[in-house]
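S.K.: Each chain, letter by letter, is given below.
2 protein chains.
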Amino acid sequence: MSKILIFGHQSPDTDAITSAITFSHLQNELGKETEPVALGKTTAETQYALDYFEVEAPRVITTAADETPEVMLVDHNEAQQSVSDIDKVKVLAVVDHHRIANFQTANPLYYRAEPVGCTNTIILKLYKENNVEVPKHIAGLMLSAIISDTLLFKSPTCTAEDEKAAKELAEIADIDIEAYGKDLLKAGADTSSKNADQILNDDAKNFPMGDLTVRIGQVNVVDVDEILERKQELLDEMAAQSESNKLDLFILVTTNVLESDSVALVYGEEKAQVAEAFNKEMKDDTLYLEGVVSRKKQVVPQLTEQFS
Amino acid sequence: MSKILIFGHQSPDTDAITSAITFSHLQNELGKETEPVALGKTTAETQYALDYFEVEAPRVITTAADETPEVMLVDHNEAQQSVSDIDKVKVLAVVDHHRIANFQTANPLYYRAEPVGCTNTIILKLYKENNVEVPKHIAGLMLSAIISDTLLFKSPTCTAEDEKAAKELAEIADIDIEAYGKDLLKAGADTSSKNADQILNDDAKNFPMGDLTVRIGQVNVVDVDEILERKQELLDEMAAQSESNKLDLFILVTTNVLESDSVALVYGEEKAQVAEAFNKEMKDDTLYLEGVVSRKKQVVPQLTEQFS
Chain A
0 MSKILIFGHQ SPDTDAITSA ITFSHLQNEL GKETEPVALG KTTAETQYAL DYFEVEAPRV
60 ITTAADETPE VMLVDHNEAQ QSVSDIDKVK VLAVVDHHRI ANFQTANPLY YRAEPVGCTN
120 TIILKLYKEN NVEVPKHIAG LMLSAIISDT LLFKSPTCTA EDEKAAKELA EIADIDIEAY
180 GKDLLKAGAD TSSKNADQIL NDDAKNFPMG DLTVRIGQVN VVDVDEILER KQELLDEMAA
240 QSESNKLDLF ILVTTNVLES DSVALVYGEE KAQVAEAFNK EMKDDTLYLE GVVSRKKQVV
300 PQLTEQFS
Chain B
0 MSKILIFGHQ SPDTDAITSA ITFSHLQNEL GKETEPVALG KTTAETQYAL DYFEVEAPRV
60 ITTAADETPE VMLVDHNEAQ QSVSDIDKVK VLAVVDHHRI ANFQTANPLY YRAEPVGCTN
120 TIILKLYKEN NVEVPKHIAG LMLSAIISDT LLFKSPTCTA EDEKAAKELA EIADIDIEAY
180 GKDLLKAGAD TSSKNADQIL NDDAKNFPMG DLTVRIGQVN VVDVDEILER KQELLDEMAA
240 QSESNKLDLF ILVTTNVLES DSVALVYGEE KAQVAEAFNK EMKDDTLYLE GVVSRKKQVV
300 PQLTEQFS
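Top to bottom, those sequences are chains A and B. In terms of numbering that gives the first Met the number 0, the first sequence opens at residue 0 and continues consecutively. In terms of numbering that gives the first Met the number 0, the second sequence opens at residue 0 and continues consecutively.
Don't read these hints as lab results, they were simulated from the structure. Please read these numbers as outputs of a predicted model, since none were measured by experiment. Treat the hints with care, as some may be off.
It does not matter which identical chain is meant; a pair holds if it fits inside one copy or across any two.
What the hints assert, rightly or not - Simulated pairs of lysine to any residue, SDA-like, Cα-Cα distance not exceeding 25 Å:
{"id": "1", "residue 1": "Lys163", "residue 2": "Pro107"}
{"id": "2", "residue 1": "Lys87", "residue 2": "Val131"}
{"id": "3", "residue 1": "Lys153", "residue 2": "Val131"}
{"id": "4", "residue 1": "Lys185", "residue 2": "Thr303"}
{"id": "5", "residue 1": "Lys166", "residue 2": "Leu108"}
{"id": "6", "residue 1": "Lys181", "residue 2": "Glu128"}
{"id": "7", "residue 1": "Lys124", "residue 2": "Arg229"}
{"id": "8", "residue 1": "Lys31", "residue 2": "Thr158"}
{"id": "9", "residue 1": "Lys163", "residue 2": "Asn244"}
{"id": "10", "residue 1": "Lys166", "residue 2": "Lys296"}
{"id": "11", "residue 1": "Lys185", "residue 2": "Ser307"}
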């Protein structure tokens, strides 16, 4: 029989990649035959975590139905963030911490979502509820995801449960959270070797908002000027990709992970509405978003409201 | 501050009514201010359970936004089964055991679905996970819901977890499951005092299938002839309601709770497709469905497939 495939969202970040690995390990311990896979290449940040805990990167797929009739989703539920043939497979389970939208099934399923900062915080609970031990390397990957998703607990998405989980996991993995965390975030914050496409799309998602398709990428840096110096190159690439992928709006959120502020570059006919959504003045297609670090809590809801 | 309202689906059955009560008790124990309400009158079966455990029926609402900005859903998620203004309130939590469809949020939320036979089986887990004691009357209501949803463990929707939960709850509530269960099911199986509208709609839900709106009612009996003798009266009422409520198909599933078989009455232009979905011959708008007792597992998926 074919294995059940488990995967996170497209343009996978550290939580998307590692939650597939950690949830697959749990399912296998519980007697299922599953394999973690990825819907895109690992980022430098994720690769840092995988190398540190000596775990191989999952293989990359774009479709699932050619391999298996059954899948489990982690760290996402929206169809446009998933495999392209999600409507052709049966979703047995979802573990997620995002809003629910553009998701439906024909049958009852296991669905576990909680409004916490990281999917792996929920997966740690599932290990406990099922009395399955968390091995050291799995604990290390879970911890990496929590650090990544909460920007070392500074994001407004971070909850007390995420911090508590991180402390428990750091014990198991024998890791100094602050020191390891800064190294992990810095590993993902180097944009010098990235081309415009990588900066825009390494962590990007499409959101249907009203009648529009809005793509929002996010890139972490330790100095926003790295990105602002390349503004024209990035806007040109956003224009080209908006044309070829039929996007109505393309937004790149550049987040300074040390200072917890962001700058947004905006391309598209409706760009004035983006400024309006944040009640800010747009200058040269650029919006300064003080205190904004979370796409999920501080960008998507505001835009969803604006375009609904 | 206004209370958070908690409710199950329209045309509430015993699980819909009691899960609102039992989940609200849990939330209140955890420090939230919530009130269980209902989206319709209690059935004779539910009233039997409420009377037995001396609990008042929740008040009936049809809209929520005029009372509260925040709600929690139990035993359903689909918008057309909920309050009419579900899009105007924030859904904080869902506990359910159905497919997910026609449901979306702007923000992350708590969502707990498991493919078990009864919402209260999941709610019992939540009591345990939160170390909240289950009082005797709450245990009695939870047990009643499990008996009702699984037809005393005979439905294919019934899982080992439902049976285990029922046994635990029977201990707490000090109840003989078989004896109480038969009395409960019989209390809900008397159709003699019901008019056609009550038979059709006391436990009915609308399902969008392809481009069609399909309404499926289910009524429990101890003798299907009670219903078949009233076929013309029921078909006339189905025709009238299909016209006024813009339904494409109206199906009444009459289930013999002692013999675990069903008979379906079908009204609508596409009725031949219903026969095709079950690979049966239709005679006088009537389909005999041997071994069928579960709308969720043995009716909805087959029709969803047929019309997709």
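S.K.: It remains to establish, for every hint, whether it holds in the given structure.
M.R.: Hints, one by one, checked against the model:
1. Lys163 x Pro107: Answer is between; shortest inter-copy Cα gap is 20 Å, intra-copy 32 Å.
2. Lys87 x Val131: neither (32 Å within a copy, 41 Å between copies)
3. Lys153 x Val131: neither (30 Å within a copy, 32 Å between copies)
4. Lys185 x Thr303: neither (31 Å within a copy, 49 Å between copies)
5. Lys166 x Leu108: Between copies, since 24 Å is at most 25 Å while 31 Å is not.
6. Lys181 x Glu128: neither (31 Å within a copy, 34 Å between copies)
7. Lys124 x Arg229: neither (43 Å within a copy, 53 Å between copies)
8. Lys31 x Thr158: between (31 Å within a copy, 18 Å between copies)
9. Lys163 x Asn244: neither (41 Å within a copy, 51 Å between copies)
10. Lys166 x Lys296: within (24 Å within a copy, 43 Å between copies)
11. Lys185 x Ser307: Close neither inside one copy (37 Å) nor across copies (48 Å); limit 25 Å.
The structure is inconsistent with the numbered hints 2, 3, 4, 6, 7, 9, 11, although it conforms to all the rest.
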